[in-house]
Each structure stands twice: as structure tokens, then as C-alpha cells.
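Protein chains: 4
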Amino acid sequence: MIRARIRMGMVGGGEGAFIGDIHRMAARLDGQIELVCGAFSRDAENCRRTAASLGLAPERAYESYEAMFVAEAALPADVRMQFVAIVTPNHLHLPVALAALKHGFHVMSDKPATLNLAEAVTLEAAIKASGCHYGLTHTYLGYPLVRQARDMIAAGEIGAVRRISVEYPQGWLSAPLEGSGNKQADWRTDPARAGLGGALGDIGTHASSLAEYITGDRISHVCADLRAVVPGRRLDDDVAVLFQMEQGAHGSLMASQISAGEENGLWIRISGEKGTLEWHQMAPNELILRRPGAPVATYHAGAEFEYLTLAARRACRTPSGHPEGYIEAFANLYRDFASIVRGDKRALDDAPLPGIELGLSAMAFVEAVVKNAAGDEKWTDIGALVTAARRGQETDR
Amino acid sequence: MIRARIRMGMVGGGEGAFIGDIHRMAARLDGQIELVCGAFSRDAENCRRTAASLGLAPERAYESYEAMFVAEAALPADVRMQFVAIVTPNHLHLPVALAALKHGFHVMSDKPATLNLAEAVTLEAAIKASGCHYGLTHTYLGYPLVRQARDMIAAGEIGAVRRISVEYPQGWLSAPLEGSGNKQADWRTDPARAGLGGALGDIGTHASSLAEYITGDRISHVCADLRAVVPGRRLDDDVAVLFQMEQGAHGSLMASQISAGEENGLWIRISGEKGTLEWHQMAPNELILRRPGAPVATYHAGAEFEYLTLAARRACRTPSGHPEGYIEAFANLYRDFASIVRGDKRALDDAPLPGIELGLSAMAFVEAVVKNAAGDEKWTDIGALVTAARRGQETDR
Amino acid sequence: MIRARIRMGMVGGGEGAFIGDIHRMAARLDGQIELVCGAFSRDAENCRRTAASLGLAPERAYESYEAMFVAEAALPADVRMQFVAIVTPNHLHLPVALAALKHGFHVMSDKPATLNLAEAVTLEAAIKASGCHYGLTHTYLGYPLVRQARDMIAAGEIGAVRRISVEYPQGWLSAPLEGSGNKQADWRTDPARAGLGGALGDIGTHASSLAEYITGDRISHVCADLRAVVPGRRLDDDVAVLFQMEQGAHGSLMASQISAGEENGLWIRISGEKGTLEWHQMAPNELILRRPGAPVATYHAGAEFEYLTLAARRACRTPSGHPEGYIEAFANLYRDFASIVRGDKRALDDAPLPGIELGLSAMAFVEAVVKNAAGDEKWTDIGALVTAARRGQETDR
Amino acid sequence: MIRARIRMGMVGGGEGAFIGDIHRMAARLDGQIELVCGAFSRDAENCRRTAASLGLAPERAYESYEAMFVAEAALPADVRMQFVAIVTPNHLHLPVALAALKHGFHVMSDKPATLNLAEAVTLEAAIKASGCHYGLTHTYLGYPLVRQARDMIAAGEIGAVRRISVEYPQGWLSAPLEGSGNKQADWRTDPARAGLGGALGDIGTHASSLAEYITGDRISHVCADLRAVVPGRRLDDDVAVLFQMEQGAHGSLMASQISAGEENGLWIRISGEKGTLEWHQMAPNELILRRPGAPVATYHAGAEFEYLTLAARRACRTPSGHPEGYIEAFANLYRDFASIVRGDKRALDDAPLPGIELGLSAMAFVEAVVKNAAGDEKWTDIGALVTAARRGQETDR
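Chains as they are written, first to last, in UniProt numbering: chain L, 1 to 397; chain P, 1 to 397; chain C, 1 to 397; chain D, 1 to 397.
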């Protein structure tokens, strides 16, 4: 029996975009997904060129996502796209997702899920109502050893979690890059397109989600220091947060895009009663476990390693010592999503695909940090913000 | 204009094989190559299942490579495969390549090029006669920072090369794995299928080729210590070599598959008059440069880094700090090969694709090491072996 | 001319103590200091045994520090101790220092300077009045590359400092060790002997002092999260702090003694406009400099390296590649202090010996963190606390 | 009871020397040894100044080692030196040692033991005849984790040793430094003062001794490539060796002083049937153990670690995470030697002090490498050389 590929449409990702290419490589890597159509750019010419360079039939390069959803929905079931990958700037995540869901298409969205918490609540309701699948490409959660860490903590290997450090230093916005022709810098520092948070929304949510995913816990309270360091910048570019988690762990988080010379230095350390785990995104195939009175144990990624959990091993394509990286982590999310769309959820039993729950949590984190940093209160309760947002949502209906 | 994908056929890589999957992911990653047919296994059922799982039309799953070449050659020019990827055990590399060339198909072959030096000489002649392109997937030469090292040395940044250390420790054959159902172990320790060298041929040639590629020089003389450490093993599993290069550098090389606990630890250090470069395959995104009286400089992979050479940057898909790995290195070779087949050689101006020249050199290295280790002479001259092999070839004609 | 050794007395450091031995090794290493007397323990027998094992004349093993100061002051000038090393639990630092100063002896004190801020103000005044020298063994400030970092920042090599991360994870108090016969654990968790802070005072002050020393700046405001995680513990064992510095940098600090499995993991990262410096105490001979668009530069310790500043080179005893460590860093402080006592201040022109100014700053930091964590205010102003303490001091007189 | 310090004399180590200072710091560190006299330099003025700067009585600064031995032997037993530290260039090691032994003084000698194998045989006999103790400061054998590795292998933790890689790259002689006023470079490249080997004798013997010490085995055969790379150099500056050990392990060794930019990069990897150990001198507080199918285990130095062997723990002065280094490793040898002189051999039960056996072995290694490199034979038998040397020695008597 021929296993048909899952058919994907894409919104965003035209020439000049960065993340669209990454999504396409990730979707392509395992040969389970086929890109069949796209609304790559509002610029029709760019859209057409992008489609051509990707080998798409010209008639499936659409002028707008609305047009795409309508046209694709009208195609035969075994031809039309099955899910859409949303790779636009943040402000379009919600409208595109809502339109896709309305037409019955599953959604794989770049993060953050939405521009803010209220939107996330709206999206959550729409997903539930639609019966469609929704995935969020929190890339770093696709790394094998992040899943290993999650499983080890769930299995109690370091005991109750006590303290977390998570940092995400970058340096690419050290200077005032916006307005100089850098598209990335332009929209990411524009509140209208990026949302409430700058560095906070872009990478701070990677850090908070990593902490939540690995611990299987939620951040409940934050106390924050948020700044725009570069003169004239309209969104924060540097943030530090003290936080508390529901199950009692405390932590600190830093996300900065003005750490000159830093590349993409996301890392996390989680200390529990019995040991401490540490993982660095730039050396992603190692997970370090320190235990009292024992040699330091470094877990390596490797498809053949029986000491890894099933979720971690399934996220490896190669034997140990053959480094996999960022694209493979991304591809793991796509492969998981393809399995879901195909109706095979086995892969997810052990490693949940990031979805709207995590996305909403990230938006609540952003909102709480912004609120806390702007006011006098020491600790801001995230749960209260979420409850209020849900209540607002109900009122709006 | 739609850029059509280059059409690939494959020989080998049926269920149970390892490297076939890697080749397919590598070919797929950049969306420039499409797998259209295959003779994946001598076992027709395996071949059929493999083709189906890959979404191939059943009629393009062939019972043999001979049948495939005949049938594909008869297809319209815009349908038939354009090149074949050879991913079989070593003993089939030559016959498959010769058959492909005969039918006018370009060849992308897993390494080593052939079983031995005589075969390599034969293949070299056949390639030249065919006018077809031939590439050899010496994976590690696809890494951006390997290309950076090559360019830096060519530019004289460390001066004349004086000393090289290159090692390739693995541990997977520490115990007698062959005969226990492990296909890899079976054929790799079988002289009929693997060739003259065991560890020497499998990974020793990766080490020697890495040294030759980075320095742009050739190994001229070897003095070797070759052993089968595991009792009953029919090919070497552990080798160490002192070597000299044509331009005066001396070096030592170690390749071992009985270094229990080692994963895939290929690394190299090259010292010149003015500095020393070091690269480790398991941390492939770093290249270390030590110079007298200066801080240690660590070059990082990253598409945006202007301090990298063009060849290195072109081999990066992501900004720095987003790790790429083994599959991406492999994919770089496929992307380069697709460019060649397409007639666009720009990519190769700066980083030559490994081909038959390097492949022949590796076979000569293997033959010289085996000869040296078996006899009393201290240094064995590789050039003399090659000359003799070419002469034998001419005589045979 | 024979260069006489500087004569040292010691208070504390009897059998069973840890830090006394370290001080003695540090004082001994360079052959410039001679231990001539001590009041090593309130337990006379312990004191006597300690003195004997150190080869001291029995008559110079004193029952109390008071007795020692009186007796030594009565000895001929070329025989009596010249300075006292205070290596007792924290609560004795002030009384011993005051007594020493009163008798005209210079003081080299283990950190923290005192139990709290008020005491530090008292000590500061006493030092000023005495005309004696006072040094504080903030060990980590004796490392060559910490001094290098300080000098590089002072020279503007990374531009204005923007963000600091400093962490000090330890795991030795992960379990309730106090009361089990561990002397260290007993006094360090006892408010009467340790002071206001537990982990905060013991290692948090190392972290804050490191940040202040390297930047040449002062922490002005703190926002803190302070806890005793282990049930029944009487002092904090885990603290995280957001902070601001006088010249505009922001930072986060973590100090924890319940990070199970961690050893002595002090590290710091300082980002400025033009680059980021990073240093790890457990790999002390490396200082990492990241700059936009440049290879990562790792500075190595080494007496011969002209790329290091004078202060850094003077703190090296060996050529590069010959690791120096904790004891040598400690010894650098003693060697500097010996130079001061001898009247030769050259060594200090480039690297100031930690003294009461830094000690008072650390006590203010502790007091501010405790106050902030206990109350509702978001940011606590350290300067205000110091001003108040000085005013209290004046009132008391 | 006062524990008296062991009294040490020194030959060599005047102003301008490097290693003398290291020996003095090492001897001083633990407070168990006192320098009481010296013949620091043939230059009487230098000798006098050195003695003064060290606080020695002028009458115990001797013009020659011969004079020193005679004069000290005439002093009362509780005053005179008990052992001599020899820190001269290599050609004086034998005559000074013989003179010391003749006067009944124990000897602690810098390595190599002698200029060549014949001298080593002579010295071995003299030591045996004298009844005195003899230690050789093979510094690197004083590191805690080198001793740990030795113990682990002796305990069978990695099974029978199969393959060894040991390298010692340095760069300080990359350029022709001799003749430019650098004392070190002058004598180390002068056959008359350095002996048969340049890099081979200076650092190659560190590498071979490390391999022998850790495995508890002896190198039996060598096959070598020896060169002087820098034009005009009179001794080798670059060597690579294939070797075999008595118990069946094979290995490769590299020692080079022309690896431009390298500092002091000694490292070793030992693979056995069950695992692989790796240690790097520049990160001496870590010992890496790789085992099939297990996380990589990194052993850390630390006085409190019960997972370390007794010999390793005794070689630590500080708790884990407080780095010790080169001087401490050196000091461990001195502390061990002091224990021997004192008659307390407990420390040595678990970690033998390097002595003449290892020293003779190193000289045999040098001689075999030089012989092999100069001739046509593939493998040179070290045992045969030693036997011949002993026979020559007997004949001479």
C-alpha cells in the first residue's frame, strides 16, 4: 500500500522571509508531507515566483489566504490541502487560523499562537469548536533531549523540582536595526505586527514554554523587569523575570536580544531534590544530569540508545554521534503533526505536540510580564489573568 | 519559470538498511531532488514495500539495477531518472556505477568508490569515457566548517602545514556483532562485500579523505599498524597510521571500531607554521583556530557570518546558533550534485564536490596501508601503487 | 638583601575547619608570608594540636584572639605578627577585626566582612581610624581572568554594560545536613553565627561582588525572591534577584545551595553594547568574548600572554596551558596583601584588593535582598539603606 | 608533638629559570617541606641573589652542588638538608644525583632522569646501592584523575586495554627561538644539555610515561617518525610513534613543539573491551568514561567524592568545583616524597611515586624511537635495548 503524503498549504514564507524556508525543509525532511499550495505573499508577483521556485502548479499559488481556503475546499478530497502552515508575522496568526478552521483545515502555526491573551482565548474556543487539529511550532520542544528531560522529570528522576534557570540571550538587535531594510527587525519591533512583547514575545515565550514543557508544570506568578534598551525601540528588547510555578518550583528567566555577540543561546537548568538537569540549545545532543556524589552523566541523542525514553528515541533519525539539529527538531513537530492528521497518535502518547494550551499559556505569560513590569505589584498572578480573559471572551460572545 | 526537480533513482536502501534513509532525507531536504524510481533490494518484496512506503509508482520499483537502467533509459527524457544514488554494500559500487554510466546516468555513490584500487582505476576511466558526472558522498566534507578550514588553509592563514592528527574512534564493533543478525556488521566485516579494509575502509578512508580535502594535499607515504582485535573477525577493526603528504606535512591517523563506548568521534587537527586548526565531527558547528599569542578563535557556522568564506556560508541553511548536523552536511553534497546535473557549477567553484579523484586516493590509501602492515618495509609509497594500478589497467584493456 | 617574609597570625582554622587550611596554603604558596602564631580554636587542646601540626612554637598558640593580640603586640617588632588572618565563622569577623586593629595589626578577613550592614559600617570606621590595612578574601576576585574581564570592561572593550547574569548553584545543602555533625552546615544555617543571609550571605555575596568587581559598578536596586527550601532550615538556602546598577546595567542573580548535584558552579555573563564576556569558576582559565560578526575569542590565562592586561598576567604563575586554580586565586589575594603590608603597592595599581568597600557593599546587598523579599515593595534602594546605616552609626557614637 | 618539616636543598633554579620556581611552590604548598639550602646557579652572584630572595641564610647558598653536599653532610642531623631537588638542565641530572646519593641524600629529580638509557641504568644501580629514596617529578602523574584512571583500569573497569592515543602538542618552538636569548629554548635544543631527544625527550616522555603509568603496562615496541621541522634545529621538534605494549594494547603517540598556537595540550584516550577513558591536562579535573549504551560519565576531582578511589581523593585538597591545577599536581609528588622520607608510606600504597623504573623506561623509549626513526626496521624492541644497556653497564663495572 502506498502511504500517501499529507498535503500542506502555506500562508506566508515568500521570498525574503526566513522562517518559511525552515518550515518547508522541516515538512519535507521525512517525506511524509507534500507542499501543494500557498499564499506566500500579499505581493502577487512574489507569491508567484515563490510558488514557481518550489515547483508548485501556478494555479495553486493564491493571492490571499482567504482565496486559498475557498479554492482548496472546493477541490476533490484527495487533492486539496489537508492542513495549513502559518508562517506570517504574528498579527496574522489568529485571522489565518480562524479562516482555516472555518474551512475545515487543520492548522500548524508558527509561534506565538496569537498577538495576545484575548486572541489566544478566542483561538482556543475556535479550535475546540472546529474539531480540527492545531499544532504550534515551538521548535525547541522537538529536540530529542528536551523530550528526554521531560520524561525523566515526569518519572521522578530528579525528585520534586525546586529551581529553574532559563535564559535566551541573542544579540541581533543590539543596534537599532529596524528601519534599515531588515524585514525581520521591522515587524518584530512593531507592536502592531509583533504583539505586546518584543524580545519577550519572540524568545521569552520560547524560554517560558521550554520550562513548562520540560517540567509538565505551569508558571503561576511572575515578577518582571522589562526594558527597551536601544533608544527609540518601540517594544522591549531585554527582559528578566522571577517566577513561581504551580507545583512550588521557583525560577528565573532572561530573554534578551541586545546581548551583543550572542547567537541563539537558549539554555535551561532544572534542579530537583535529587539532581539537576541542564540543556543547551546550541549543543542540543547533550543533556547533563548532575547528582550528588556521582559522576556527571551526559545523555547523548542517538536512535539506538536504550537508555533514552521512547519519546526521545523516536525523535532521533540517526545513530549517536551523527549530530542532528534545529531543522530536525522542527521536522519532529511536522512529523508528529502528520501522524495526527493521519489519525495515528502513537507518536504523541509519549511526547505531546505543542498546541493551543501551551500557546495560551505563553500569551498569558507575556501579558503578565508586561503588566507586572509596568506596575508596582511585586508578583502578578497569571491564573487570574487567564480567568479574566476567558470571562471577557464569554461576555463577548 | 518553474524550477523542475532533478529526478533520482536509487540502488539499495531497502528496509533494514541504514544509509539509504539518510541519502533520501539528504536528497529531499532542499526540495531540489525527487526520488522517482529504485531497485531497493534484491528481495522483490522488500523492494516493493520500500517503494510503496516512499510513495513511488509501483512500476518504477525495479527488480534489479540492470532492469532499472534499461527501463528508465526508455522513458521520455523529462520523466526518466537523471542520476542514480548507489547505497549498496561496497562490492556493488563498481558494477552499479558502470552500468549506470553505460546508460548515460550520472552517479552519486556512497563511499568507498569501489572495493579496491584496481576497481577505482577502472571506474575513473569509465567516468572519463562517459561524460557523466560522478559524486561520492564523503559526508563529512559537506560540513560548512570543513569547507572553511579548507579555504583558510588554501589562503595561507596557518602557513605551510606541518603536522596533522586525525582520528576516528567508534565502538560499535567492540564485541563480535557479526553473525548475530546485524546486517551492517555482517557485510562490513566480510571481505567479499566490504573490500580490503574493515575499519580501514569504512572509516579510515573518511579520516584520510578529510585530511586530504582540508589540506588540498595528498598522502604520499604510509607506515601502518593494522589489526583485527576481536577474535574471529575477518577484517581489520583497528588501525593506526603514520603518514607523509606530498607537500611535506607529516601526520598520524587512527581509525578504530573497537573503542568501546565511542560513538562517531571523527576529529582532525592541522598545525601549520602560523597556527593550528581543529574540528570535531560531533561538534561540527565549531572550528577552532589557535595562533601564537592570541586568544583562541572559534569560528561558528552561520549563514550570516561574513567572516566565513563563501563556500562555508553556502553550506549553511540557518543563522548561527541554530545547529545543523549530519543530515545537512549530507544534503550539501546532494544539493551540490543537483547543481552540477543542472549545469550550474557556481556552487562548486569554491568547494569541489568529492568525486572519483578523492575516491581513488582513498582506495590507494587502503591498499597501501594493508600492504605496509603486512610487510617489513617502513614506508610504503602510495604514488607507486597508483602508477602500478594504472599500468595494470592499461594492460588489461 | 634578604627579603623577610611577612609574619601572619591566624584566628580560627583549627582541626575540623575547612577554610583555615585553604588560607594557610594560599599564604604559603609564594613564600612571602610566614605563619608565626594562632588562636586556632576556643578548644585549647585543638588549638595546641593545630599549632603543633603546623610547626609553630607552642608559646605562640594562644587560647584566645584577645590574648594573642596582647602577647604579640608585646613582642619585638621584628618578631611579632604583622597581620591577622580571620578565618572564623561570620559572627566573629567584626570583634576579631576590631581587636586586631586596636592593637595595630593589619587584617586579612574571610568574607563576609561582618554579620550585617550596621557592623560593616562600624568596621569601615574602625579601619579608617586605625590606619591599618584591611583585605577581604573574596577568592574569586583573585583569578587572573576575572581581573582581565574587569580591565577589558574598564577599557571599553564591550562598551557600556547592559545586562548581567550571575549564578552560583551549589548542591551541598540539598538535604537537611545541619544537626548531623557537619560543622560547616551547622554554623552556616545558624542566624546567630552566619548572619542575615544563608545561601545569600555565603555565596550570594560572592556573586554580587563578582558583578561589582568586574564592572567597577555598584548594585543600586534589588527585587528579590528568597526562600528556605529544606524544611526546618532557619536561613535561606535559595535566592534569586533582579537588580539594577548605578550606571544603568540590569541583571539577574541566583544563588542556591539546594541545586542537588551542583558543585561550585559560579559563573557570570556581562553583555555590553559591543560584546559579551563570560567566565565560569569551574573553568577559570578561560574568558569568553563574543562580538557581533566575529569568531568567539577565548582568552586563556598564561604568564607569557601579552594580550592579557598587566593585572591578569601578574596573577599567573605559570605559562598558559598549565592550569592554575582556586588555591592560586586565593594566593593572589595574599600576595597582594603582603605587598601592601610591605609598602609596595604596585601590584594594586591595576587590580584593587577587595577591601571594606566591597565588604560593606555586600552587606548592604544582603540587607536589601532580605528586606525586599520580606515586603511588598518591588524595588529596594540599596543606597538608601547604606545612608540610613551610616546615619545610625553616627547617632550611636 | 611538632611535626618537623622535611629539609630540602636545591640544585638549579636560579634567577631566569622556570621550573625551579614551580618546584619551590610545589614543595611549599602543604607546609611539610622547608627549603634550607641551594646551589642555584654556577653564577655565584645569581646563586646569592636567589638565596636571598628566598630568605635563606647566606652561608647555605653554595657555589656548587659538590660543595653543598659536602658542607650539608657535615651539619648536625637535625639541621642539614634531607633531600635534594634537582632542577637543572638534563645533562646534570645524573652527576648531581650520583653525588647526592653518595653523600646519603635522597633525591627528587626533575625529569628526564638522565640524558640517555646508559645513564639511566647507571643511576638505577646507584640508587639501589645507596639505600636512598629517589623520586622523579613527572608532574602529570600527580593529578588526582590520572591516579583515578590508573586505579579504574587496574580494577578492570574498562576491561583489557586495546588502544591508546596520547598526544602532547605545544607550539612554543614553532619558530627558531634558540639563539635569541631564550634560555629554555637554548638548552632544550642542544644535544649536549638536553640529551638524545628534543620534543621527544622533553614532552614525548611525559606522554609515554602517562600511558605507562595509567595502564600499569610498559611500551614494548615502537615504530617512529622523528623530525626537526624548524630549519637548523639540532634536535627533533616533532615526533609521532606507533607503539605496542607488553600486555597487547597498541597505541599512537604524538609530541610536537611546532604545533603553532598550541599551549600545553597533553591528553590521553585509553580504550578497553568495556569502555574508554579520556583525560586532558588542560581540563585536569575531569576524567571522561564512555561505555557502550550508557550516558557519558564525567568523574570530577573532589576531596569529598566517595566514588573516587583513595589515591585520587588523597590527591585533592579542595571540595569538588574548586579547581586544582598544575602546581597542586606537582605538590602531590612532593607531598608523597615527604611522606616517604618521613618513613610513612601509606600514601604510596595506592599511588606509586614515579621513580627510576619509570625514568629508565622513558630513556629506553627515547633511545628506541631515535634508533627506529634513523633506520629501516619497522618495529624496534625496547626490551632488547634495555637488556643490552644493562649488559653494557655490567661490562663497564
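These are computed hints drawn from the structure, not numbers from a lab. Nothing here was measured: the structure is a model prediction, and the numbers come from that model. Mixed in with the good hints, there may be bad ones.
Any copy, or any two copies together, can satisfy a pair, since identical chains are not distinguished.
[What the hints assert, rightly or not] Listed next, the in silico DMTMM-like pairs over lysine to aspartate or glutamate satisfying Cα-Cα at most 25 Å (straight line):
(1) K274 x E304
(2) K183 x E357
(3) K102 x D376
(4) K274 x D151
(5) K274 x D186
(6) K345 x E15
(7) K378 x E34
(8) K102 x D344
(9) K183 x E306
(10) K183 x E273
(11) K371 x D190
(12) K128 x E357
(13) K274 x E286
(14) K345 x E394
Tested hints:
1. K274 x E304: between (27 Å within a copy, 18 Å between copies)
2. K183 x E357: neither (30 Å within a copy, 44 Å between copies)
3. K102 x D376: neither (42 Å within a copy, 47 Å between copies)
4. K274 x D151: So K274 and D151 pass the 25 Å test inside one copy only (15 Å; across, 28 Å).
5. K274 x D186: between (46 Å within a copy, 21 Å between copies)
6. K345 x E15: Result: close only across copies, 23 Å inter versus 34 Å intra.
7. K378 x E34: neither (50 Å within a copy, 52 Å between copies)
8. K102 x D344: within (23 Å within a copy, 45 Å between copies)
9. K183 x E306: between (45 Å within a copy, 19 Å between copies)
10. K183 x E273: Answer is between: at 22 Å across copies they meet the 25 Å cutoff, but 46 Å inside does not.
11. K371 x D190: within (19 Å within a copy, 38 Å between copies)
12. K128 x E357: Intra 11 Å, inter 60 Å, cutoff 25 Å: intra-copy only.
13. K274 x E286: Both ways: K274 and E286 sit 20 Å apart in one copy and 22 Å across, limit 25 Å.
14. K345 x E394: neither (32 Å within a copy, 61 Å between copies)
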